[in-house]
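**Student:** Hey, can you work out the whole structure from these sequences and the hints?
Protein chains in written order, with our numbering: chain A, 1 to 375; chain B, 1 to 375; chain C, 1 to 375; chain D, 1 to 375.
The list treats identical chains as one, so a pair stands whether inside a single copy or across any two.
For lysine-lysine, the following DSSO-like pairs were computed, each having C-alpha atoms within a straight-line distance of at most 30 Å: (1) Lys356 - Lys69; (2) Lys94 - Lys82; (3) Lys276 - Lys82; (4) Lys191 - Lys240; (5) Lys290 - Lys303; (6) Lys356 - Lys326; (7) Lys82 - Lys303; (8) Lys257 - Lys29.
These aren't lab readings, by the way, just hints derived from the structure by calculation.
Number of protein chains: 4
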Amino acid sequence: MKSHYDVAIIGGGVIGGSIAYQLAKRGSKVVLLEKDRLASQSSQAAAGMLGAQVELGTEVGPLFELAVKSRAMFRELTGELKDISGIDFGFVDKGMLKVAFEPEQVAEFQEIIDAQQKMGQPVEWMNTTEVIAREPEISGEILGGMYIPGDGQVSAPELSLAFAKSAAALGAEIREHTEVLSLVLEQGSVKGVVTAEETISCDKVVICAGAWSGILLKPMGIDLPVYPVKGECFSVLTHKPLITSTVFSHGCYMVPKRGGRLVVGATMKEHTYDRKVSFDGLATLVERAKRLLPQIREAEWEKAWAGIRPQTGDGMPYLGEHGDWKGLLFATGHFRNGILLSPITGCLIADLIEGKTSEINLSSFSPTRHLIVKQ
Amino acid sequence: MKSHYDVAIIGGGVIGGSIAYQLAKRGSKVVLLEKDRLASQSSQAAAGMLGAQVELGTEVGPLFELAVKSRAMFRELTGELKDISGIDFGFVDKGMLKVAFEPEQVAEFQEIIDAQQKMGQPVEWMNTTEVIAREPEISGEILGGMYIPGDGQVSAPELSLAFAKSAAALGAEIREHTEVLSLVLEQGSVKGVVTAEETISCDKVVICAGAWSGILLKPMGIDLPVYPVKGECFSVLTHKPLITSTVFSHGCYMVPKRGGRLVVGATMKEHTYDRKVSFDGLATLVERAKRLLPQIREAEWEKAWAGIRPQTGDGMPYLGEHGDWKGLLFATGHFRNGILLSPITGCLIADLIEGKTSEINLSSFSPTRHLIVKQ
Amino acid sequence: MKSHYDVAIIGGGVIGGSIAYQLAKRGSKVVLLEKDRLASQSSQAAAGMLGAQVELGTEVGPLFELAVKSRAMFRELTGELKDISGIDFGFVDKGMLKVAFEPEQVAEFQEIIDAQQKMGQPVEWMNTTEVIAREPEISGEILGGMYIPGDGQVSAPELSLAFAKSAAALGAEIREHTEVLSLVLEQGSVKGVVTAEETISCDKVVICAGAWSGILLKPMGIDLPVYPVKGECFSVLTHKPLITSTVFSHGCYMVPKRGGRLVVGATMKEHTYDRKVSFDGLATLVERAKRLLPQIREAEWEKAWAGIRPQTGDGMPYLGEHGDWKGLLFATGHFRNGILLSPITGCLIADLIEGKTSEINLSSFSPTRHLIVKQ
Amino acid sequence: MKSHYDVAIIGGGVIGGSIAYQLAKRGSKVVLLEKDRLASQSSQAAAGMLGAQVELGTEVGPLFELAVKSRAMFRELTGELKDISGIDFGFVDKGMLKVAFEPEQVAEFQEIIDAQQKMGQPVEWMNTTEVIAREPEISGEILGGMYIPGDGQVSAPELSLAFAKSAAALGAEIREHTEVLSLVLEQGSVKGVVTAEETISCDKVVICAGAWSGILLKPMGIDLPVYPVKGECFSVLTHKPLITSTVFSHGCYMVPKRGGRLVVGATMKEHTYDRKVSFDGLATLVERAKRLLPQIREAEWEKAWAGIRPQTGDGMPYLGEHGDWKGLLFATGHFRNGILLSPITGCLIADLIEGKTSEINLSSFSPTRHLIVKQ
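**Tutor:** So this is what it looks like as structure tokens:
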């Protein structure tokens, strides 16, 4: 074993970057290991919505609480990461608008509004006229929508790089094209990681390899039930933005990016690691986009892409230490909320590593709720 | 004037390349001037159909004759250009299939079949069963089609490069990023071309600048009514080809390229030089492709692009010398048939430059049929 | 004439964008015409140094004054353009360091320091130890350098887009792929511009087509002696930045960009529009970079590119109205200082168009100092 | 187990493609599993030399014999794969020239010439004048060279795709983005492969995962000592080719590709999977290229890239069945000769799978010569 680190982080996406950043900031000696390039998988593909309220709907439990807390961290993070890395990750807080095309949705939205208002989260119903007043290009076909002022958005690839590069500037070591083959597990503790090139000694290991986390652990008899869900997106360009808020509809969302880019997502196909964009997935999104925003017809086509999100059986991420192996931590399974949850995940994991007691109850996210150590 | 050439060719697309190749082969001192990169406009964008019969339908006049003759030149050209440049331009002679979705089309196809058979060109009607037997993935919704065994296809960008690079190997000089600003016209003859960097002396000039040909000539008072028609395309990928022949339908064609790539084209938008792919154009093509070849849904999306084709008032290209200015020749306005007509255009123009009398009557293509020299 | 505008701006680079932005902000009806894409030429290629002091050395005349004033505008512009377009153009004000390898340079630097200090511009001499203390990776071979705290840098492509997209958001119309063929000049005034697609009526025209400005005007008998100077650059990547300030040496500069990108430039080749990167130019830069910053050997190679800068006979840009044609303005010839001078150029031209008297004496930049109207 | 195949091939590079092609042609039901995209690693990066004689020098043993036999297969393969897939893989048989800059090399070359001539392989010494007569752009600084008429070259990425796509056309199933996690090994035989998505039942498995082969097998206790050697390359473009034969010198080779592209390679860095191009590696190649071919200075820079080649302890590939596990075959470790050896490797492995006795003695390539099954 050539080198020793306090913490080895496996996975160079937004979660790994955030953890590396928090740990480097607190003085830990960190190595971030990424088998491809930084942010080359779902962190690259994500549309970057911070949809704490829009994504979780009536599920106002622990994940909702976590999401709302994480969302609140972005404003400060903007300046912090820009100062260190120079990267502006494009935080926009112009709210989100979820519109209804069907009467059933109107009723459903009302329930969500009630549930979230009870939690003290601002959200309001807007009728068709009010929606159109706010976003004049949206189809007059809609039956109204709910407006969530607090749900913003960021550039996901740039947030991911901002975390990792800030971590590097603060002393973290980043190794790309470095595949972790197995962990060194001895006497109930993690002792290091084995890469294709060498064995790295460390005190703690954090697994944040997204949909690949389970694959990595399987040969060691550790079963982490994370499965892949492919999502396809496309983007168009205009000189003058078509919309200002993020707009959400049944099976389609539109996120207005800087300079007139509009990202439209996303399909969902479970249990595949195949990152190809399917003709069919794209054709479906194109159809939905036309219905929601007729003026998109005049936009310039840019490109299409796909990413593989990590999902879990109960839809909750795995955050915390493994019960059987000391020093082995997990931060994965964030599904469509990885970008949103990245700031708080970084802090929570850094707290756990430092032995701080968290003000957040992590029991719902325990990696042992499903984990079975085979032997 | 620093240098002297026999011929200066303006435009580095497939037409300019073909002319440069023929002239270099015959020993002329040639310079090819291209304002951007070789084959950077419609020669790059073309799907590469050699649709002598499919494109011209019942119009079995001089253009038809020219197209059929040009088509016959590809087989020999394949070996010739590959030997010189190393480039295989992907000539495929597996025929073309034009299918009908509407009863009117069935009648229309019958007329075409009659007209072309009279000209001695093989073409046959196939009923739905026969079409599906040939191309099993085509929609069963079709009412039959006509099969043209002689219409093949090539890779348009590679044909264009093969011409130009073969010309270079035979001594032609190629200058990219070289914009021609005006011609030197004296005493009824062309004497040279003025570029942004220098004046080049030459005996003949050939204008083959596609949709930009008229723009180039206008400041000199020469009116060449060529106008732009945008075409948008997209491509998908499969490992096993979905079709083997080129398939043509109302408003959509599909050209199977090497390695399982399928090119689908093309929209038509007149009077614009804007090369952006519009969302609307793409959405329309996507819809048509799904109808014609349902199995395309399973294919991988690759990309979309556009090109600007040069069209003329009567749909005939301009081929020949200008009446008023000796040594000023034109080879442009090929619209959707530039790839197909490139071999014969190269030979015809080289013949004219050498003073050979052509066996082809070029009066229908005369640049003076429309040309008005302003005074 | 279909449409009427207050001002037509010809050229979609950083200068055209800045003028469009200022005019749109002040309520003018503006159209920006770009023959290719926005920022597709030298504004895309520029390294983005704001080298008011480093570039101009002992020449502390009118251009120096202009440069210093323009430099001072960036801080405010950062927030302004980001608010409107969402684009952060990466303004960094960590100073510039110009280092000497030869004793002659040491003497030369001392003269510059004296001249600039007299003008009240901060600049200080640093010996080798002080330079290395500031930038530890710089070669110990250097003999010292001068440090200019006020000279910063930006991302040139993003600044260009931020201007244009902000202009669009404020109502300016942007037309890409729109080539201007000539101007409508009548009775001593400009009346419009003729594009390949239509004639656009307007009251004023601003020519900011960089190295192509002269080409555009020539057919109208207006001689604007701007000539092209090619510059080649390359970039490397590291996780942790190798330097923090921009570093300048004989024939080579290095600009540290966000996220660990390092841009190295730039060669100079006069009188060519050929944008290809030459092997030779690149090899020379690679050699110089190794000498200046030995640690660059460990960096990752990213890519190389080139741009075509507009230069004038006396090195001064053309800023102002044409003497003979009312309403015809020029803003070009900024050579290596286009990015730096873009903010003030936008304001000056907007002032002229509004008829405001400028506090800056523009006589040194007069387009009539060279301009000869042929008849 | 959802599906059953005769053979599962692990690795979609040139070796996997060749084996898939041979097996599909002989009627086997084959699945090719590739964790990324086809030909995405060293098969993409290779310069495509068929250097049977130039690479092996005086080592005229079993590998030499294999290489010479494989080289002889390319001519026929050209037509065969083009007919099926449409892909022309750019086979060029214009020989190879290895030049000497140092007197020691002259002596060394003479030994090679003797050894190879004894094996009946044509190779001749050329003095400086003869070399320059053949390749006029080569530096006059050289002391002569050896010319090998039989060593040609191909386009490595296209050969790889031609194999795989031809295999697909003949019925082989290709699955990209499909990572193999482990093998199903029971009762001394291979029974299937476990991917991230499912378990695939099959009778035979061929491991041709290049430098990743050992990593794949390690968790199963099978030790295959293949290690990675990074190679960096770059390319330049000219309209007229600078050289016609492949030219080899100390630490640098140049392969002229179709259309005037010239590929220059390659560095060697052992024991790294990091595919980044290093500034240092590139600078070294640039320096060597300038010395060997001074005229390269005038060429256009295109790009740089890297690949990871699989090397073994004794420099011999692993070809054959594993001693302990029936049905488990290896075809990896081809180092710099993967492209060259791909045709014969495909045939040899297909023969082994069919139970045919090979005319070639494979004992030197036995996977058991190093292999130690732990347990």
